[in-house]
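Undergrad: Chains U and B, in that order, give the protein sequences.
Residues 1 to 667 (our numbering) are what the first sequence spells out, left to right.
Residues 668 to 968 (our numbering) are what the second sequence spells out, left to right.
To be clear, the hints were calculated from the coordinates, so they are not data collected in a lab.
Since the model is a prediction, treat every value here as computed from it, not as a measurement.
Each hint should be verified, as a subset may be incorrect.
[As the list claims (entries may be wrong)] Under the rule of at most 25 Å between Cα atoms (straight-line distance), these lysine-lysine pairs were calculated in the BS3-like manner: (1) B:K880 with U:K469; (2) B:K910 with B:K936; (3) U:K613 with U:K573; (4) B:K763 with U:K397; (5) B:K810 with U:K466; (6) U:K466 with B:K915; (7) U:K257 with U:K230.
[Unchecked claim] DEER-style ranges, computed between Cβ atoms: (8) B:R885 with U:T188: 44 to 52 Å; (9) B:Q704 with U:T477: 43 to 51 Å; (10) U:G347 with B:A801: 27 to 35 Å.
[Claimed, not checked] Computed far set for chain U versus chain B, every beta-carbon distance over 10 Å: (11) K466; (12) A558; (13) C595.
For each residue, glycine too, the CB sits at the ideal point set by N, CA and C.
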Amino acid sequence: MARIGVFICHCGENISATVDCEKVAKVASEFPGVTVSVDYKYMCSDPGQNMVKEAILEHNLTGVVVSACSPRMHEPTFRNACAEAGLNPFLCEMANIREHCSWVHEKSDATTDKAIDIVRTLVEKVKRNEALAPIYVPITKTAVVIGGGVAGIQASLDIADAGHKVVLVEREPSIGGHMSQLSETFPTLDCSQCILTPRMVDVARHPNITLYTYAEIESVDGSIGNFNVKIRLKSKSLDEKLCTGCGACIQKCPVKKIPSEFEQGLGKRTAIYVPFPQAVPNKPVIDRVNCTYYIKGKCKVCEIVCPTKAIRFDQEDSFVEVQAGALLLATGFDVLKTNFFPEYGYGKYEDVIDGLAFERLASASGPTKGEIRRPSDGEIPKKIVFIACAGSRDPAKGIEYCSKICCMYTAKHAMLYKHKVHEGTPYIFYMDIRATGKMYEEFVRRAIEEDEVKYIRGRVSQVYEKNGKLIVRGVDTLLMGQAVEIEADMVVLATAGIASPGSEELAQKLHVSYDKHKFFSEAHPKLKPVETNTAGIFLAGACQSTKDIPETVAAASAAASKVAGLFSNDLLKRDPLIAVVKKCAPPLYSSCTGCFMCIPVCPYQAIDKEEIKDRSGNIIKTISHINPGLCQGCGTCVAFCKSKSIDILGYNHDQVCAEVEALLNEW
Amino acid sequence: MQKKIGYYPGCSLEGSSREYSESVVTLANAFDVELVQVPDWNCCGATAAHNLNSILSFSLPARILAKAQEAEMDTIVVPCAACYNRLTMVQHELKKDDALRAEVNGIIEAELKCDIKILNIVQFIQMFVADFVASKQQFLFDKKVACYYGCLLVRPHDVLDFDRTEDPQSMDEVMKSLGANPIDWPFKTECCGAGMSVSRTDIVGRLSGRIVKEAADRGAEAIIVACPMCHSNLDMRRPALEKAMGEKLTIPVLYISQAIDMALGKSQKESGINRHFVPVNISLQNKVAAPQVVLEKTEEN
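In isolation and in its complexed conformation, chain U is listed as follows:
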């Protein structure tokens, strides 16, 4: 005879504001098989959990229904509590009357009735639940880190230093990401390359790290502990083992006028190239779109000059497969192209550039060797106007969120300009100054007070060219909305930070969720900031939302510690909610007829055949067998089984039917 305990949570007012919890408890107490039914303000709190435990002991309960929030939230909490009181955790079920009821309905009797229905279905299910034991699977202690910017570099080093293997995959020819393009970094103005490039070298040298550049994720399957990752190694047209990185090919390549991606188009590169001199690995790739040989079928100058004969024109993309226990996403961000802001003249006037291009102008290794010279004629600009929020916080034309990093880097840009061009005047048009990090506000004050950056609070309506000057028309909202016109020599747009191209495709390959801006979603915005909703896949840095370097590095280390935590166990405990082939007493042994329809439909190749033998070893019957280590509990085989011989533990036919019947039958 079932003895079920029902525990109705008010969740503060989250549930009780629209659901009459007392009534739910009272009605539930009359359900057949319910021994105890109570309500409480915070069931997940210590006293709440104790109520559950005491009831189990006092009434010798055979099942527990906690009627509260989503099982995603607190199912583990209550199952642990039950286990502590000696009840098998799989005899505890969550009835979700918050997300599925109180949050989505107005206060009314109907809402309360719905909550009662939800509780009733779970009571009927839990009556049929069986005690289950968790299963354990071995963990492959290798992490695949996707993206080799500062986030991927930091995470890889942290995981590798903890003693685990790391495979770092980067789609560009070099690791380094956007940080390697930056000149100096706020708020300390230390040189970006000086702090990053040694870390890049560490990655290349670390015995625990395997680095694949110019590579992309082809496919991922498996699950936490045991992912199978297929990586496409794009052809570099080069035998990397032979190449010494001497650079002769780069010097002799006749195609020299390709706008360099690394220099934001301000510099040029050759068709065989390394993105920048400090690249890791410092070995070139051939850009087949621009290479004369691939266009016209002849040239091969690089092959002729290569002293080690490392060029391979016929090299094709290859693939490697990696077994990994965890994946870490660190694919970074991009900046919004401002083509849809014709009023700023980006793309029309050479001297209207974006923030990343200004970084290259200010960088000692940049196209101007760190001198601030405008792109059109190489003159040193006497007035630069910086426009903050070019696209950010602009739901009409750009994106509605704050890109977060622009206030600081714009202050830095203005400061660097002033440091290099003492007689120059920097102006910054801004909406608000958001300088909330450590030493950030002080940094902005320094820009205003010591470096005399002219901050104008207001928006720019138009930038146009007249007599060789860029006329910037805007408004100063602190001067009662007075119109302002500045004759500038150069304009720098702090364009919005957006998700890296290809993010959506990658998210779909990995089955991680992403938001409407294509940034990857964390499992919980406060409590699980570096986890995704997919177990075993973690997030770091600006692929989640735009972040500055300190935040990115902190997130990367956090994600790495999560991976190291996962790898600290040899076995991974998994819920036993997997498919099993039902067996029964002889002479039938199993209702499985051996049609084996289930084998080809299983997406995880978890099903094989099992021979049932008598004591003398004669085969009586061959039936399906499901490997518990591989089964993910998806249920495809259950749907395909004609003789209803397969069940998902915890969700078997009886349990699910009982739920449906409880919902349909009015009592």
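Fit chain B to the given chain U structure using the hints.
TA: Chain B in isolation, oriented as in the chain U frame:
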């Protein structure tokens, strides 16, 4: 074969900007389009109505739309940018707001379907003129021109869904097809001062003066407009503009329909150009003449 479409001239085109109406009718006739006026039309309310009374500002254009609907017009052309803006905005608002539509229907005693296609002058040209202009064109409009769109033709984009709000291109494209060289200039959608024309000509002088001077400074030989208000500010108020700018400004201002009329070889009277305050001293080259010049040069070489 004559095509018939609805025509809402609005008050300006009956009064101070009758030359605009004349040129549009001339243009339509040249391309075998008969413009049928919306019967018993009224004022669209312009700026005045929506400053005074919101429901009036909906009801006035709604009545026009109802009259067009009654006359079974599925498309109407509205050359005045302000009228075009009001009619399109009102149809949009009434379409999405059932309660408002019911209220307005009660006032104007009609059942609005809100499915009339409302064309501005540039859309009219794109639909009925652009494809055939090459065959009928007699003169090349081989001039540098500044296309001036004003405020109301392209904004708000969400509702009008016409061209770009910043740096629009549709008029430039039309002028290019006539052989003109439209300049790239920054004041395409700058405010001309609009209704201040009556009350504060000094403000119009400053705002419009800046527009005209910029066009002239960049070497334009004509300003091309598509709005009667813009035209009267740039043309009729020229003395005030010159006073504000402190210099003589002689650049003429043409409606886009007049520019096409000129290229078709229509007289100044037919296209209403004779009514302008700033004289239009533009002589166009014969269309066939231009290739001949090129041929001669080739022979010399």
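Undergrad: Each of the hints needs a verdict: does it hold here or not?
TA: Structure-based check of all given hints:
1. For a cut-off of 25 Å, the pair hint linking K880 (chain B) to K469 (chain U) stands: about 18 Å separates their Cα positions.
2. Among the hinted pairs, K910 (chain B) with K936 (chain B) is inconsistent with the structure: their alpha-carbon atoms are about 30 Å apart, more than 25 Å.
3. Distance restraint check for K613 (chain U) and K573 (chain U): the Cα-Cα separation of roughly 32 Å exceeds the 25 Å cut-off, and the hinted pair is therefore not satisfied.
4. This hinted pair checks out: K763 (chain B) and K397 (chain U) have alpha carbons roughly 23 Å apart, not beyond 25 Å.
5. The straight-line distance between the Cα atoms of K810 (chain B) and K466 (chain U) is roughly 21 Å, inside the 25 Å bound, and the hint therefore holds.
6. A hinted pair counts as satisfied when its Cα atoms are at most 25 Å apart, and K466 (chain U) with K915 (chain B) qualifies at roughly 21 Å.
7. Between K257 (chain U) and K230 (chain U) the alpha-carbon distance is near 35 Å, which puts this suggested pair outside the 25 Å criterion.
8. Taking the beta carbon of each, R885 (chain B) and T188 (chain U) are about 47 Å apart, inside 44 to 52 Å as hinted.
9. One distance hint, 43 to 51 Å for the beta-carbon pair Q704 (chain B) and T477 (chain U), holds here, with the actual separation near 47 Å.
10. Between G347 (chain U) and A801 (chain B) the C-beta distance comes to about 31 Å, which sits within the given range of 27 to 35 Å.
11. Here K466 (chain U) does not stay apart from chain B, with its beta-carbon only about 8 Å from theirs, under the 10 Å limit.
12. Taking the minimum C-beta to C-beta distance to chain B, about 42 Å, the non-interface status of A558 (chain U) holds against the 10 Å cut.
13. With a cut of 10 Å on Cβ distances, C595 (chain U) stays outside the contact zone with chain B, its closest approach being about 57 Å.
The structure fails to meet hints 2, 3, 7 and 11 from the earlier list, while all remaining hints are met.
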